[in-house]
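There are 2 protein chains.
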Amino acid sequence: MDKIKPYVIGLDLGGTNAVFGIVDARGNIIATTAIKTQAYPVVEDFVEAGCTALEPIIEEVGGIDKIQGMGIGAPNGCYYTGTIESAANLAWKGSVPLAKMFSEKLGIPVALTNDANAAAMGEMTYGVAKGMKNFIMITLGTGVGSGIVINGQVVYGCDGFAGELGHVIMDRSSKGRLCGCGRKGCLEAYCSATGVARSARELLETTDRPSLLREMKAEEITSLDVAIAAGKGDELAKEVFDFTGKMLGEACADFAAFSSPEAFVFFGGLTKAGELIMKPIEEAYNRQVLPIFKGKAKLLVSTLDGAGAAVLGASALGWEA
Amino acid sequence: MDKIKPYVIGLDLGGTNAVFGIVDARGNIIATTAIKTQAYPVVEDFVEAGCTALEPIIEEVGGIDKIQGMGIGAPNGCYYTGTIESAANLAWKGSVPLAKMFSEKLGIPVALTNDANAAAMGEMTYGVAKGMKNFIMITLGTGVGSGIVINGQVVYGCDGFAGELGHVIMDRSSKGRLCGCGRKGCLEAYCSATGVARSARELLETTDRPSLLREMKAEEITSLDVAIAAGKGDELAKEVFDFTGKMLGEACADFAAFSSPEAFVFFGGLTKAGELIMKPIEEAYNRQVLPIFKGKAKLLVSTLDGAGAAVLGASALGWEA
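Chains as they are written, first to last, in numbering that gives the first Met the number 0: chain P, 0 to 320; chain G, 0 to 320.
Worth flagging that the hints you see were computed from the coordinates, not collected in a lab. Incorrect hints may appear among the rest.
[Said to hold, decoys possible] Calculated pairs, SDA-like style, for lysine to any residue (alpha carbon to alpha carbon, straight line, at most 20 angstroms):
#	chain 1	residue 1	chain 2	residue 2
1	P	Lys174	G	Lys174
2	P	Lys293	G	Ala87
3	G	Lys245	P	Arg182
4	G	Lys99	G	Gln67
5	G	Lys129	G	Trp318
6	G	Lys132	P	Tyr79
7	P	Lys237	P	Arg182
8	G	Lys295	G	Gly151
9	P	Lys183	G	Glu282
10	P	Lys92	G	Pro290
11	P	Lys132	G	Cys77
12	G	Lys129	P	Leu275
With the hints as extra help, turn the sequences into a complete structure.
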């Protein structure tokens, strides 16, 4: 067996930026570099530019022979094929074999998965889920994503796209909110950053209650504004977090019935609201979970640094590429 | 490595009957025997009586040296500990180490799990899920159970009790039906045999529509009566199956977002209704599943014989005990 090499490369591929990092086995980011994703409408040019940007930082750690592999976290990334499939916020259309392209260019094994699965890998390799065999990662960002780990393996399902818990239906009534996926009542329509902002706007429109948020234009309110207002004690803003947390807690109670995880790990901007969001999550979860699962799963917030977490998560894939 | 022996023992442990079978590697039930569970309020007596009943059929196949292991499917069975935990319909209270007791008495390895997980093992070993690595078994009986297989392994979770999909919440409104678990709106409250009978009674009470079911006392209507009436073209009874199937299909659409299985396998009395139940399941599933999963999972009915299926399922565990 070959000796394991000391470093991996992680690539956090977003619609705007592509951030590369070289990471050691303890999860220290040794060096980073970045290019603008949008500047490369042709994917071959993107890979070329990425490898050029990587060159100096690979040299910094002693050359490509010191790199075990590379992991990529990308929207609509499929682990089985190493491809990105028609990602809405990328210019590259159809099925893009990004893992193969980087692998051929760099001469190292490359694995690819979607952002939330990469986050779960990062949490399991370097974060609060280290040593856990069964946990569910919930990413609260522009959307709601998830990465599910069972028996120490990320669940990819029959097609590589398992773990879309942002799209379980929370409101089956005709009042269910329209989701970006085209269906109604999805968890993501309520508990994403845009969902939180929408909840605030709805509450401002349908009631006369006073709120600091009334000082802003309704259409400009973001989830961060709601968090700041709630932090100042604004009752209406706090109610938005109560509503959001309650829904997340109830959803997690259903998820427990699926895989009985030892923990849920929450990650992303909304978790910055701390107890404002975690307390209603816990209350709803404890009230709603099936008696047999009560008190078993921990509700944790990721401790990985926000900016580096996505690169770390992607890099974790590199160890088993 | 020891040579694999030609037979396993399966025990389907119910509240009323305990059915034992000796099964070969192709899923043929070679011999069976049964004792009355209720006749043994002391578990030691039950194990003693079970082993006595097994003796002649074990001799029939050439003695205990021909038996690879034993598998037990039991209510509230925990795979990790081999125990039954406070099963409501068994006389034995607390934690019962049934696997260990049979293993010591018979001198062979014994594994134990709950009924629905055993059914999933049976389906994967001998049934329509043979060769599948990712599928979800839904058992429609007195309750709604489930066995989830991911990467070729039954999902047990952190505690051995994962896969309680009968208890995901389908109606979060105040109108959610009370479930046996004490919560409201569970899938089981609608799609179990008792749930179907209840749906029929509710429809008879709240409407004036004609139905063959009006010839019976409302409280005596069973899911079988509803199926028979629907089979005769009774519109109200057919509506009950449409309602039940729609809910099952919508629930499965959510489950697909979790593990993206290659199939759902339905098992149990309700599946005898054939297209009456499977068609609305398929329609709701295809309408409701997230676009990325459309057309991927098959919706199958178990082909294992009803009477023998539970014994077969339990026996499948014996191969890896």
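Each hint, compared with the structure:
{"no.": "1", "hint": "Lys174(P) to Lys174(G)", "result": "holds, 15 angstroms"}
{"no.": "2", "hint": "Lys293(P) to Ala87(G)", "result": "holds, 18 angstroms"}
{"no.": "3", "hint": "Lys245(G) to Arg182(P)", "result": "holds, 16 angstroms"}
{"no.": "4", "hint": "Lys99(G) to Gln67(G)", "result": "holds, 16 angstroms"}
{"no.": "5", "hint": "Lys129(G) to Trp318(G)", "result": "holds, 15 angstroms"}
{"no.": "6", "hint": "Lys132(G) to Tyr79(P)", "result": "holds, 14 angstroms"}
{"no.": "7", "hint": "Lys237(P) to Arg182(P)", "result": "violated, 28 angstroms"}
{"no.": "8", "hint": "Lys295(G) to Gly151(G)", "result": "holds, 18 angstroms"}
{"no.": "9", "hint": "Lys183(P) to Glu282(G)", "result": "holds, 17 angstroms"}
{"no.": "10", "hint": "Lys92(P) to Pro290(G)", "result": "holds, 17 angstroms"}
{"no.": "11", "hint": "Lys132(P) to Cys77(G)", "result": "holds, 18 angstroms"}
{"no.": "12", "hint": "Lys129(G) to Leu275(P)", "result": "violated, 48 angstroms"}
When held up to the earlier numbered hints, the structure conflicts with 7 and 12 and fits the remainder.
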